[in-house]
Amino acid sequence: MGCNIVLMCLAIPGKVMKIRGSVALVDYGGVIKEARIDFVPDVKEGDYVIVHTGFAIEKMDEKAAKRSIEAWNEVLGDI
Amino acid sequence: MVQEFVNKLIRGIFMEAEKIGREVKFMDVCGTHEDTINRGGIRPLLPKNVKIFAGPGCPVCITPVEDIVAMMEIAKRRDMIITTFGDMYRIPTPMGSFADFRARGYDVRVVYSIYDAYKIAMKNKKMVVHFSPGFETTTAPTAGMLEEVWNKGVENFKIYSVHRLTPPAVEFLIQQGSIFDGLITPGHVSAIIGVKGWKYITEKYSVPQVISGFEPEDVLLSIYMLLKMLNDEEISIKNEYERVVKYEGNPVAQKSIEEFFEVRDAKWRALGTIPKSGLYLKSKYEYLDIRSHVDVEVPHLPDLERGCRCGEVLRGLILPQECPLFAKVCTPQNPIGPCMVSYEGTCQIFYKYGSLLG
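Quick note, the sequences are listed as chains S and W, same order. Sequence positions in the first sequence follow my numbering and run 1 to 79. Sequence positions in the second sequence follow my numbering and run 1 to 358.
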């Protein structure tokens, strides 16, 4: 229920595999690339991040992604 | 579930659009949103009275020709490696593009990230200059890299900043008379500057905004939310992209940008000078700015080839198919204007998806 949307939303960002100093290895559904993590200081391995031109600009909040499905349905009401 | 949700969303959009009973016009200011709208076939799907126009959402399209030419003139005077992004590389100027410049024997390299440019500098003794375009989302990585360059005292890495700010451009369009009923606000710019970075546009100009994500569902929901606000006579800014964008934005990135850059009036190609819209290195950090090492003067050059309507496309006044050059003489293989070059340029996106429906 709602999983497809959640997965799809999470498909844009990558998953942090390994952190070495200010660089992380990020997995974009099989393609692994380096990304700088200077701007997400509290990022942990296993987190999802939005990466723009090689820098993680924000963490993707998995809980918020799931919540947003409920919020979306709420916004739409009984259409 | 997805299908059910989308169907519900489209029903909602049609209901709200009917209730409004007049033509409404929304603007996006992000090439990635424009890509989503075209890829998702959203325009033809919408009620006839709901129109979406694309604003200046393409940083390389608005990079002044004079700066591109100045960068090339600088490289003629001192041996260096120029790095820049793939779409910047092909942007035409009256003196040719960076790609043409490379064909003449100069060392210009395409990078995916300023971090890659930095790595080239680490492996070379030669000076590496990153020609650095982009809005807030790209400025943050530039500031982050400069922090490392500065702290480590790296001597052979400089930048040429043509970074620009997005909200002042939206404000400028409003002041210039572009009329739209709501803004589909760029999600990844907002990840940096936060909801708070856009709030003043709504407060000062009464323009409803929805900060939007990049899936077709995100954009459809944002359109629905804008229509609903219009019907409810609510003027506010909402955040549809809560899974990434916070009210405060990313304070670490903001601090880094503020440390290195100061805001000044700046030219936007085909739009003119926009007050307080350009980011330049502070005098404290001028050592990192190639322009403080090699000074060149470039005369004023024409922004566009005759007949090219990229300026009107960037203002959200027309869609690409209204330009007589579009898809006839101007194609991605042979671009006449900057809007046809970049993957974020409205003309290139329309060409790619064949979006000739309105």
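Because the hints were derived from the structure by calculation, they are not lab data. There may be inaccurate statements among the hints.
Taking beta-carbon pairs under 10 Å as the criterion, some of the chain S residues facing chain W (in silico) [claimed, not checked]:
hint	residue
1	Leu25
2	Asp61
3	Val75
4	Ile79
Some residues of chain W that are not near chain S, with every Cβ distance over 10 Å (derived) [claimed, not checked]:
hint	residue
5	Glu73
6	Thr273
7	Leu317
Every residue, glycine too, gets a C-beta built ideally from N, C-alpha and C.
Given hint Ile79(S) near chain W, where the shortest CB pair must fall under 10 Å: Check passed: Cβ of Ile79(S) comes within 5 Å of chain W, closer than 10 Å.
Exclusion check [Glu73(W) not at the chain S interface, CB over 10 Å]: Consistent with the label, Glu73(W) stays out of reach of chain S, its closest Cβ about 26 Å off (over 10 Å).
Chain W contact restraint for Leu25(S) - C-beta distance below 10 Å: Since the shortest Cβ distance to chain W is 13 Å, the answer is violated.
Agreement of hint Val75(S) with chain W interface, Cβ distance less than 10 Å: holds, 7 Å
Check on Thr273(W) being off the interface with chain S, judged by Cβ distance over 10 Å: Non-interface label stands for Thr273(W): nearest chain S Cβ at 26 Å, farther than 10 Å.
Status of the Asp61(S) interface restraint (C-beta, 10 Å, chain W): Since chain W brings a Cβ to about 5 Å from Asp61(S), closer than 10 Å, the hint holds.
No chain S beta carbon within 10 Å of Leu317(W)'s: holds, 29 Å
In summary, the structure is inconsistent with hint 1 from the numbered list given earlier, while agreeing with all the others.
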